[in-house]
Amino acid sequence: MLIGAVTGFAVATTTGLPVLGALGAMAAAALAASIFAFLVLTLMANQVATGLALTIFGTGVSALIGAPFVGITTPTFGPIFPEALTSSPLLRLVFGHSPVVYLGLILTLAVAWFLARSRAGLILRAVGESDTAAHAIGYPVLTVRYLAILFGGAMAGLAGSYYSLVLTPMWAERLTAGRGWIAIALVVFASWKPGRMLAGAYLFGLVITMELQAKAAGFNMFAPEVLAALPYVATIAVLAIISAAKRGGANAPACLGKSFRATA
Amino acid sequence: MFELSRRKLLAAGAAIGFAATSVAPAFAQDGKETVKAAFVYVGPVGDFGWTYAHDQARLCLEKNLGDKVETSYVENVAEGPDAERVIRQLAQDGNDIVFTTSFGFMNPTIKVAKQFPDVKFEHATGYTTGGNENMGLYNSKFYQGRAVLGTIAAKMSKSGKAGYVASFPIPEVVMGINAFQLAAQKINPDFKTQVVWVNSWYDPAKEADATRALLSQGADVITQHTDSPAPLQAAEEAGAIAFGQAWNMESFAPNAHMTAIVDQWCPYYTGRVQALLDGTWEADNVWLGMKEGEVEMAPFNAKMPEDVKAAAQKIVDDTKAGTYEVFTGPIKDQSGEVKVPEGEVVPEGDLLKMDWYVEGVQS
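If you're matching them up, the sequences are chains L and Y in order.
Sequence positions in the first sequence follow the numbering used here and run 1 to 264.
Sequence positions in the second sequence follow the numbering used here and run 1 to 363.
Honestly, the hints are just simulated from the structure, not real lab data.
Glycine included, each C-beta is placed from N, C-alpha and C at the ideal position.
Just so you know, not all the hints are guaranteed correct.
[What the hints assert, rightly or not] Here chain Y is said to cover these stretches of chain L; the calculated rule only asks that three of the stretch's residues, wherever they fall, bring their Cβ under 8 angstroms from a Cβ of chain Y:
id, segment
1, 34-46
2, 55-69
3, 116-124
4, 157-169
Looking at chain Y on its own, in the form it has when it is part of the complex (with noise of 0.2 angstroms):
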């Protein structure tokens, strides 16, 4: 429930944030000697997905900057009041930065940074800072890597259908779904990409049963948009492909997983507490991607074949160079209607409101 609202994130969200931020720089600070920087996170730390990532991406901060800063993180924090005590705890123990890393945390950091004005504070996935000029917006361009899962996905199906195992037909998820059926089609006109929602972001379980009922309709390359490594276990058992969420996942299915994508703050992290130490932070709204480093895929498989390898290589290139972009028209709807004409490129604000599926996705 909670981390529905984490991801709505996007949804609604940035589409106005991206609107209403023309921040005004910030007024003008000295640098630190060292920062103290502070994660909030939504989930447990063991989580190997979302929260792993963010938590990960801590650890190498601490790797990157050494004595220079002093991280401390606060786990399984539930969105809401709950959050805003947490919030306020960490302001007041003398952190300079604080990350709040789920979308349910927006409101509460934007309370917490009014009464803070000294405290610098970075939210994930949020679309509004309340006109805090100490808070700052930033997520990433997931889809840009779910183009590659679906240039993989096509060249090695024999059915030409892949299962996705599908959390909430949110506009984040819908732009993944959109972004991989699209990369396949490119690759194989008649590629479908079949949809199996499982109304949940974890729940091991139950994206296992879901991805068995995928392979047993004749899917026989399993893709996620939930955080656990269940379907990729499932996928291993039948000898199908899949592909890692969130972080590499490869441990679990050494034989099924053929990359994943890997969610990489630690750039944006670094760079931030960097810009803190050296007086020069301002309130930003970002929505990086590969090109900035913040999308990563993990390392192919060895088993994946060298013509695979390298289209998919190709397009991790060419999105890193800007030629390449999945939304890209001509695209067609599910009804076969061309929603986006040749040649034109659907804009960050509407990926960003998403609510239709291009053509071959069934759902």
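Same shape as in the complex, but just chain L (with noise of 0.2 angstroms):
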């Protein structure tokens, strides 16, 4: 994400197009999720360990790239629709946003269509069950996934240069303050449905935008921290009600993790 915050960032200031800022941001982050395939595909080193040496990388690197980008502002996507159509408050609920947003709902939209319905969705779905199944029917199971994580980098550097183009539209060091960790948690809440991932998402959304609403509305009835707390409260509490309910079936692809080596 902070590697798709910065590269869209200084892509967008450069050539004042936010809509380039967004690809490029796109294109580094799956190249950076790339050398994580590379690592964890090709010379099977182990997924986690990886997974956080590349947050450390990805942290470092992205102060390194974003060092002349400090301090400066960067041109914004515009509104899309017109102008009438947010007068209102509730209208604005719902024309208001910016692209990228309406970008991620149809995106959501396109990888549950995909997943569930498209052949190629259900063979990356079959490789992320048992890969060796799959490997024995002849897919080609290395390929699979590392496009599946290319993807999943895309997604992360599309995520990070909302952040640094729409939300605030500035670099600074660590600008996402670790929100992208939610999107593992998510994924886990979701139990890896893309529905319940949509839910999940405006759910924590409106948790964490319901402890600053609470306190700018002067509601003190709890300390601040209280209601920091919230969200994780939470988390904690939806995820114990669906593996209480589903009996402890949390829906991981059986092959989460694990290393793949082609054998004949």
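Starting from the two chains in their separate frames, assemble the complex, guided by the hints.
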């Protein structure tokens, strides 16, 4: 995300085109993800350790790339709907967002369709559920995994560019403040189902904003720290409910975290 | 987390420090031809806030003293054992003076200062030198700038309500909120300051969200005690006004940015290194403000009406002249009870452990 954020910012300020910034962010983050893919797929390094290392690497690299861009501002995406549609607060709720928000929604639907309905999506899931079986039928396990990681990287990059181009149009070190980790929590939370993912993302967003809105409205029944803890409490609560309801079936792909070496 | 303790600084801190600093004059020393000065930063120089201001001062020091000073810095130093290692390394490398610019560097600095009696150490925002005669303490009265912001806010606000994006409820921050509200109240007795705690010194997205929440609750002036320019940007987007923090942040919000509290460490750094060159360096403990040029206001926005500019400038001038002190009674607390009687000024020691809000603060 940070690599995406900084690249997006750098490209957008240099070219003056936020669209190119977002594309650049996706490309750069996919490039970073390809390092991860090479390490864990080809060299079969431990995925968790490599992921953590890549996080630290990304933080450092983004700071390095971003050094000349500290303290300047960037062009951002304009509204895409006519002004008449954003006149009232209620309409703004639907039409008042940055194009990236709508793109995110469309992409979620697209990914959901891809995973559930398309042949390629089924292959991807097969590779995740049972690498040996998929290999035995003749699917290129590593190629599929490479592509999946690159796509994941590009999405993270797009998310990062949302920070540096829309939410807070600037670059500063550690801009995302570790919020990328929420994505990991969300995937578990949604038990790998895109629809639930979307609902979960909005739920998380709601709880996070509620904390600040409650404070701004002068609602001080609780200490600020209690409100700040709400998102995390909500996460644990929902996870507990889900796993109790499904008797521990977190629905994770069976081959999550496993390396694959082609035999025969 | 680390930064929390950095500013807790003053908090419990300096109060004790002020009592405990009857520093004996340091041993006689000769002047130096050149001085090697090193700086230890808690954050990245690119944070555009606290650490950035220190680094600008370092560059300014180089400019002021030219060939006579050679500087270096280490950024992103975690407070604790790592800091001790870095500070010791700098002392071993032949630096004549080491500035450690975060509260959490205090104890490591004390330890290293004991081991290197010939090297001078200066710690920002701490409260004790542990008895070292080669270690000084320094800090700034940022609350004086808050009074200027409060004056501008009350003059320009239409809703009579300001939103305050705050980090942690520690005395340094509480003092700033109170100074802001007291100054605003003098202009508009009904003025209200709504505080939102984001529980972080630096989290641009959360700071921006807090700002949006405050704006949606009717605040039309935003001020902050967090380090990123994000609240300014959010205010700019909504057409509200806001103020920069630690450095001139005008470039982020050319319309919203009215002025900023600028941390000017340069005169202090220059003075201390010059003293070392002259051989007059002595351990000190200072809490300087506008008068000494350590707290400055960024140029007022051209959009600001003339009478507002004049009122704000008057606070600056009177503070410098010593005739204006925002913490002068009568001051009422949130419940309306008089905490500070008419004509009385809150002593510095009490400011540094302030834990109550003045009337009109909603937190």
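Here's how the hints hold up against the structure:
1. A count of 0 residues in the segment 34-46 of chain L with a Cβ less than 8 angstroms from any Cβ of chain Y is obtained; the coverage claim is therefore unmet, three being the minimum.
2. With 3 residues having a Cβ less than 8 angstroms from any Cβ of chain Y, the segment 55-69 of chain L passes the three-residue criterion, so the hint holds.
3. Counting residues of the segment 116-124 of chain L whose beta carbon lies closer than 8 angstroms to any beta carbon of chain Y gives 0, which falls below the threshold of three, so the coverage claim is violated.
4. Evaluation of the coverage hint for the segment 157-169 of chain L: fulfilled, as 4 residues show C-beta separations to chain Y shorter than 8 angstroms, against a requirement of three.
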